[in-house]
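Q: Take a look at the letters that make up each chain.
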Amino acid sequence: MANTQAMCTSFKVDLLNAVHAFSSSNPAQTASTANTFKAALYLASATVNASTTAYSSTGEVSGTGYTAGGITVTNATAPTSSGTTAYWTPSASLVYSGVTLATAFDAVLIYNSTQSNKAVSVHTFGSQTVTAGTFTLTMPSNAAGTALLNLA
Amino acid sequence: MALVTTTKGEMDESLLDKREGSIDNDNELTRWVEYWLDGELVHRSVHVHLKQNVFSDGIAAMLA
Chain F
170 MANTQAMCTS
180 FKVDLLNAVH
190 AFSSSNPAQT
200 ASTANTFKAA
210 LYLASATVNA
220 STTAYSSTGE
230 VSGTGYTAGG
240 ITVTNATAPT
250 SSGTTAYWTP
260 SASLVYSGVT
270 LATAFDAVLI
280 YNSTQSNKAV
290 SVHTFGSQTV
300 TAGTFTLTMP
310 SNAAGTALLN
320 LA
Chain R
363 MALVTTTKGE
373 MDESLLDKRE
383 GSIDNDNELT
393 RWVEYWLDGE
403 LVHRSVHVHL
413 KQNVFSDGIA
423 AMLA
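Respectively, the protein sequence lines represent chains F and R.
Note that the numbering used here has the first sequence beginning at 170, numbered continuously upward.
Note that the numbering used here has the second sequence beginning at 363, numbered continuously upward.
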């Protein structure tokens, strides 16, 4: 099987149902705080793609220093828009420090841990391993057309 | 003296064989660094800069 980069289809439905709060400006939810989003890494042999609806430990990497479920995404920049495109990008790189991930992995799943671990998006990269080191995922520029998530 | 975290603990970089590489394509710019000791990989770190994103086209609201 293979992982495929995509905005998860269930996420698009969730948007229409006002499930996710990427910032404190979320009148559809009772708490005026942003939800917590997390980033989990997946093996190259896994299958995460547009059909993924929620985080699952199936196919997730495992190894020294890595906690199942991944790491919390730094989210200090609220979604915004330019022209007809709305967009959002994590405000810091995703950093997995002091890990050994011996089995090749090639994808990260962004998901909402506040809302039943509902899936947001899958992002793929060349297959990698890490040995007693750090895996860093730097985000693209947070602008219309280049941001990690774009709604056009 | 630079120390490197390895599978054998902190080691002086000068004792290790350092290897580096990169991938640059439409999807990512990736750089990695490896340290080897007597033919054994003892450290590997990777930095991936994502270039591509995910788009959802055609989300439209229709008021009728």
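Hints are computed from structural coordinates only; laboratory data are not their basis.
We put the CB at the ideal spot given by N, CA and C, even for glycine.
You may find that some hints are simply not true.
To be clear about the criterion: a stretch of chain R counts as covered by chain F if any three or more of its residues have a C-beta under 8 Å from a C-beta of chain F, and this derived list gives those stretches [claimed, not checked]: (1) 372 to 384; (2) 396 to 409.
Think about it this way: if two alpha-carbon atoms lie no more than 25 Å apart in a straight line, the pair counts; the simulated DSS-like pairs of lysine-lysine are [claimed, not checked]: (3) Lys207(F) / Lys181(F); (4) Lys380(R) / Lys181(F); (5) Lys370(R) / Lys207(F).
Okay, the calculated beta carbon distance ranges per label pair [to be verified]: (6) Gly383(R) / Thr253(F): 38 to 44 Å; (7) Gln414(R) / Ala223(F): 41 to 47 Å; (8) Thr173(F) / Lys370(R): 33 to 39 Å; (9) Thr227(F) / Phe417(R): 22 to 28 Å; (10) Ser384(R) / Ser194(F): 35 to 41 Å; (11) Trp398(R) / Ser266(F): 31 to 37 Å.
Q: Hint by hint, say whether it matches the structure.
A: Hints, verified against the model:
{"no.": "1", "hint": "372 to 384", "result": "violated (count 0)"}
{"no.": "2", "hint": "396 to 409", "result": "holds (count 8)"}
{"no.": "3", "hint": "Lys207(F) / Lys181(F)", "result": "holds, 18 Å"}
{"no.": "4", "hint": "Lys380(R) / Lys181(F)", "result": "violated, 45 Å"}
{"no.": "5", "hint": "Lys370(R) / Lys207(F)", "result": "violated, 31 Å"}
{"no.": "6", "hint": "Gly383(R) / Thr253(F): 38 to 44 Å", "result": "holds, 40 Å"}
{"no.": "7", "hint": "Gln414(R) / Ala223(F): 41 to 47 Å", "result": "violated, 23 Å"}
{"no.": "8", "hint": "Thr173(F) / Lys370(R): 33 to 39 Å", "result": "holds, 38 Å"}
{"no.": "9", "hint": "Thr227(F) / Phe417(R): 22 to 28 Å", "result": "holds, 27 Å"}
{"no.": "10", "hint": "Ser384(R) / Ser194(F): 35 to 41 Å", "result": "holds, 40 Å"}
{"no.": "11", "hint": "Trp398(R) / Ser266(F): 31 to 37 Å", "result": "violated, 21 Å"}
In summary, the numbered hints that this structure violates are 1, 4, 5, 7 and 11.
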